[in-house]
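As a plain string of letters, each chain reads:
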Amino acid sequence: MEGLVMEEVWREEATSPARIEAALRGMTSRRGGADDESRPLLVPARVLNLVAIVAADRRDEIENRLRRVGRLHPSRLVLCVVQDGWRGMTARGGVGAVDAGHGPGRVAVAYERVEITLDPRHLSTLDTIVDLLLVPDLATMVWSPHGYDEGVDALRRLTQVVLIDSHDGPDAAKALARATDLVHDTYVVDLAWLRSTPWRERVAALFDPIDVRPDLYAIAAVSVRHREDSLAAALLLCGWLCARLGWRPARLAAARGTLSGHAQAGPRDVEIRLEAVDMEPPGLDGVTIEMVSGAVISLDRAAGGLRTTRREAGGLERLGTLFGASRGEAGILGEGVRQALLRDPSYRPALRCAQIMA
Amino acid sequence: LTATATQLRDNPLVEGLERLPVPNTTLTIFGATGDLARRKLLPAIYNLAHDGVLPEHFYLIGVARGQQSDEEFRDFAREAIVEFSRREPDAEVLDGLLSRLRYLAFSFDDAAGYVELRGLIDELDDEAGRPLNRVYYLSTAPQYFGLIVEELGAADLNEDERCEVRVIIEKPFGSDLASAELLQRTVSSVFRERQVFRIDHYLGKETVQNIMAFRFANYLFEPVWNRNYIDNIQITAAEDIGIGSRAGYYDGVGALRDLVENHMLQLLALVCMEPPARFEANKVRDEKVKVLQAITPPTPAEVAQDTVRAQYTAGVVAGEWVPGYLEEPGVPEDSTTETYAALRLEVDNWRWAGVPIFLRTGKRLARKVTEIVVQLKPVPHLAFASEGSVGVQPNLLIMSVQPNEGVSVSLEAKIPGPRMRIRPVNMEFLYGTSFLSESPEAYERLILDAMRGDATLFTRNDETLAQWAIIEPILESWTEDGEPRLGTYKAGSPGPAAADALIGEGRRWRGL
Numbered sequence: 001m002e003g004l005v006m007e008e009v010w011r012e013e014a015t016s017p018a019r020i021e022a023a024l025r026g027m028t029s030r031r032g033g034a035d036d037e038s039r040p041l042l043v044p045a046r047v048l049n050l051v052a053i054v055a056a057d058r059r060d061e062i063e064n065r066l067r068r069v070g071r072l073h074p075s076r077l078v079l080c081v082v083q084d085g086w087r088g089m090t091a092r093g094g095v096g097a098v099d100a101g102h103g104p105g106r107v108a109v110a111y112e113r114v115e116i117t118l119d120p121r122h123l124s125t126l127d128t129i130v131d132l133l134l135v136p137d138l139a140t141m142v143w144s145p146h147g148y149d150e151g152v153d154a155l156r157r158l159t160q161v162v163l164i165d166s167h168d169g170p171d172a173a174k175a176l177a178r179a180t181d182l183v184h185d186t187y188v189v190d191l192a193w194l195r196s197t198p199w200r201e202r203v204a205a206l207f208d209p210i211d212v213r214p215d216l217y218a219i220a221a222v223s224v225r226h227r228e229d230s231l232a233a234a235l236l237l238c239g240w241l242c243a244r245l246g247w248r249p250a251r252l253a254a255a256r257g258t259l260s261g262h263a264q265a266g267p268r269d270v271e272i273r274l275e276a277v278d279m280e281p282p283g284l285d286g287v288t289i290e291m292v293s294g295a296v297i298s299l300d301r302a303a304g305g306l307r308t309t310r311r312e313a314g315g316l317e318r319l320g321t322l323f324g325a326s327r328g329e330a331g332i333l334g335e336g337v338r339q340a341l342l343r344d345p346s347y348r349p350a351l352r353c354a355q356i357m358a
Numbered sequence: 001l002t003a004t005a006t007q008l009r010d011n012p013l014v015e016g017l018e019r020l021p022v023p024n025t026t027l028t029i030f031g032a033t034g035d036l037a038r039r040k041l042l043p044a045i046y047n048l049a050h051d052g053v054l055p056e057h058f059y060l061i062g063v064a065r066g067q068q069s070d071e072e073f074r075d076f077a078r079e080a081i082v083e084f085s086r087r088e089p090d091a092e093v094l095d096g097l098l099s100r101l102r103y104l105a106f107s108f109d110d111a112a113g114y115v116e117l118r119g120l121i122d123e124l125d126d127e128a129g130r131p132l133n134r135v136y137y138l139s140t141a142p143q144y145f146g147l148i149v150e151e152l153g154a155a156d157l158n159e160d161e162r163c164e165v166r167v168i169i170e171k172p173f174g175s176d177l178a179s180a181e182l183l184q185r186t187v188s189s190v191f192r193e194r195q196v197f198r199i200d201h202y203l204g205k206e207t208v209q210n211i212m213a214f215r216f217a218n219y220l221f222e223p224v225w226n227r228n229y230i231d232n233i234q235i236t237a238a239e240d241i242g243i244g245s246r247a248g249y250y251d252g253v254g255a256l257r258d259l260v261e262n263h264m265l266q267l268l269a270l271v272c273m274e275p276p277a278r279f280e281a282n283k284v285r286d287e288k289v290k291v292l293q294a295i296t297p298p299t300p301a302e303v304a305q306d307t308v309r310a311q312y313t314a315g316v317v318a319g320e321w322v323p324g325y326l327e328e329p330g331v332p333e334d335s336t337t338e339t340y341a342a343l344r345l346e347v348d349n350w351r352w353a354g355v356p357i358f359l360r361t362g363k364r365l366a367r368k369v370t371e372i373v374v375q376l377k378p379v380p381h382l383a384f385a386s387e388g389s390v391g392v393q394p395n396l397l398i399m400s401v402q403p404n405e406g407v408s409v410s411l412e413a414k415i416p417g418p419r420m421r422i423r424p425v426n427m428e429f430l431y432g433t434s435f436l437s438e439s440p441e442a443y444e445r446l447i448l449d450a451m452r453g454d455a456t457l458f459t460r461n462d463e464t465l466a467q468w469a470i471i472e473p474i475l476e477s478w479t480e481d482g483e484p485r486l487g488t489y490k491a492g493s494p495g496p497a498a499a500d501a502l503i504g505e506g507r508r509w510r511g512l
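Protein sequence lines correspond, in order, to chains S and G. Under my numbering, the first residue of the first sequence carries the number 1, and numbering increases by one thereafter. Under my numbering, the first residue of the second sequence carries the number 1, and numbering increases by one thereafter.
The hints are simulated quantities; they were obtained by calculation from the structure and are not laboratory data. Mixed in with the good hints, there may be bad ones.
To be verified - Heads up, simulated SDA-like pairs for lysine to any residue below, C-alpha to C-alpha not over 25 Å straight-line:
| hint | chain 1 | residue 1 | chain 2 | residue 2 |
| --- | --- | --- | --- | --- |
| 1 | G | 40 | S | 71 |
| 2 | G | 490 | G | 306 |
| 3 | G | 414 | S | 26 |
Using the sequences and the hints given, assemble the complete structure.
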């Protein structure tokens with residue numbers, strides 16, 4: 001999928017939200033009228049507003065990430081660039097398409113982009129600036145990858161969804177606490193949770209055959225291997241198991257790069273162990289689930305998917321593969337945008353358990 | 001440590017997951033080197049692997065008559081996937097998937113071949129360490145469906161108490177009512193109905209499934225969805241292409257059997273059905289079959305009056321000269337096969353009595369479009385003068401299946417200016433602008449559903465027979481001395497003039 005290509009661009013110093021909106025309307029209607037017959041007709045997407053609050057010196061990194069999500073790009077992006085000492089408000093607007101290669105007479109879906117540069121002092125009143133830039137009646141998601149929580153809080157009355165990455169926080173416990181605060185009044189899409197999705201799907205699948213399902217109620221130990229800075233994803237995976245299986249989690253203790261402890265599953269304890277390992281991409285590297293009988297099921301990253309290892313209590317070992325292409329970080333972010341329009345009821349209970357363990 | 005029976009009935013880990021687990025399966029494709037397998041099935045299976053949806057133990061056995069090794073079949077599959085997959089294949093996923101492919105060469109009437117198939121399935125069960133569900137996909141020429149089913153039964157491959165065994169049968173299911181009934185008798189002598197998945201890939205299209213969402217998840221439309229407010233319904237499946245290299249198949253089938261008997265009657269059923277109590281396979285299919293059974297098959301006299309059949313002659317499509325049907329390679333010069341069919345049907349029930357439903361399909365028409373148009377009645381009193389404008393037109397609700405997937409409603413609006421002049425305007429919902437993600441191919445969804453045992457989007461035996469019961473008298477009348485006469489239409493045109501007479505005075509087809 002090729003990235004987003006901006007076709008019409010506009011810029012104005014010392015501008016106002018009303019002038020920005022007027023400029024966007026003008027650009028879209030010019031292209032909507034197909035004044036240039038060699039180019040495809042642009043029809044504006046009407047799916048989601050995304051407000052991204054980013055630091056000026058890291059803007060390019062975020063722009064690159066958003067460009068690579070392709071079709072899953074939000075239909076209107078309001079990029080709030082925070083720069084110390086900036087005076088007034090400068091805006092750049094643009095209208096572009098993902099599949100801009102289409103020929104004349106074709107319709108291409110248009111994406112709109114507004115960039116405003118502002119001083120950090122504007123963050124507490126960011127809602128008064130952004131309100132006028134949102135397409136009405138669409139879901140609005142806010143994302144602050146560089147930690148401008150003040151800006152997010154200012155926008156909470158305007159937004160239905162907050163995109164976070166618990167992986168980004170200074171420590172996992174604080175990140176999960178922040179997520180817990182947000183879920184009270186907004187729907188939270190957590191990229192750390194989405195990184196654990198393939199693992200959750202595959203663990204659910206491994207226990208889905210009716211003859212294996214009783215093992216869910218005879219788990220003795222869970223071990224999760226994760227990249228050092230992806231502890232939140234590991235905690236959320238264990239939190240999910242606790243919530244879904246009715247285990248009562250307890251705080252885990254840290255020792256030599258490992259968190260360990262127990263959750264109470266009825267009359268017995270389930271041992272939980274989170275271990276940091278060296279690995280390239282952020283996220284999880286493996287999950288091992290051990291039964292009371294001594295049987296073990298493991299999932300590990302492998303070429304072309306996840307490798308499964310089943311070792312029976314008697315020692316017999318079987319290997320398998322669950323196919324699946326890596327989504328990469330661009331795919332994870334795109335999935336985050338898509339998830340803004342869905343509702344996953346299992347995140348909140350998993351978060352609650354994860355926070356207890358953190 | 002003991003879980004309760006209730007706990008074991010449901011998997012607690014699946015709540016909130018978008019992709020539900022799929023049982024471990026060995027999928028056997030009969031006709032694995034054919035065009036459908038190459039263009040659709042193998043790429044669909046790759047995309048399921050890419051998305052991480054295939055189960056831990058998944059094997060694909062290709063069966064066809066031509067001799068080749070597993071490796072040669074894997075090369076064939078790799079080329080098919082690279083050429084036709086909707087996304088660029090990931091090399092590691094593709095290699096992994098191909099390693100799960102096996103190939104058996106035997107003629108479909110060769111009993112020894114089925115014994116060999118059984119041996120291979122058992123071998124794969126052993127490799128997985130457990131009995132895997134079995135799905136047989138009949139992707140062969142239709143004349144082999146009954147034979148393969150019988151041979152599967154004779155080889156005891158039709159059931160296994162340790163696992164689920166299912167069969168997917170491609171369309172067409174029979175070539176007329178008698179052959180459909182015969183095939184059904186054969187199928188039901190070997191498989192129970194819950195094991196049988198008759199595929200109509202239209203039902204796997206997102207836009208077709210959206211007909212139900214549109215009707216039953218919105219309060220806005222259902223109050224007017226009846227004979228009191230609806231004047232007529234038009235269902236169109238028009239193609240701008242000819243028959244390509246399919247002359248051998250198409251000339252023996254024609255437009256009525258190729259599209260009307262299955263896809264178009266299914267669309268009709270979805271548009272006219274009552275709301276099901278729940279979105280479950282049998283609840284949905286119960287409602288669809290009621291609609292099909294409420295269509296009174298036309299008498300010979302009605303066939304003459306309410307149907308149009310025609311064949312395209314040479315013409316110009318998109319500026320290019322194209323040959324007529326009789327000049328197409330492989331078509332007999334005296335062929336009377338119709339490449340265009342239009343008919344008027346009525347659903348004789350309380351909701352729809354008296355509402356004409358017009359179906360039309362054809363090759364080499366002006367434009368490629370599949371859509372359903374619901375035309376409401378005109379307003380009972382017109383307060384506005386029509387002078388100086390096109391005037392008030394009946395509202396249209398258009399559900400576009402392809403190519404511009406979406407729904408539009410034509411409304412009347414005042415033309416800006418000092419006078420009260422009215423013209424129609426459109427309110428449009430386009431999939432592309434309202435949903436960012438790409439829709440999966442219909443076959444991906446349907447293969448997955450069959451592996452899971454969900455038959456909601458498959459056609460049940462009584463639906464198939466009801467469809468043939470509607471079409472049968474038309475086929476019979478058409479083959480008796482060519483009555484009604486086979487007309488012609490120019491390639492690139494909207495169809496024969498006789499179709500305009502069919503729709504009746506005061507109405508017109510939506511333009512192509």
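Status of each hint after checking the structure:
1. G:40 with S:71: At roughly 23 Å apart (the allowed maximum being 25 Å), residue 71 (chain S) and residue 40 (chain G) satisfy the hint.
2. G:490 with G:306: Since the Cα atoms of residue 490 (chain G) and residue 306 (chain G) sit roughly 22 Å apart, the hinted pair holds (cutoff 25 Å).
3. G:414 with S:26: Satisfied, since the Cα-Cα distance of roughly 24 Å is no more than 25 Å.
Against the hints set out earlier in the document, no violation occurs for any number.
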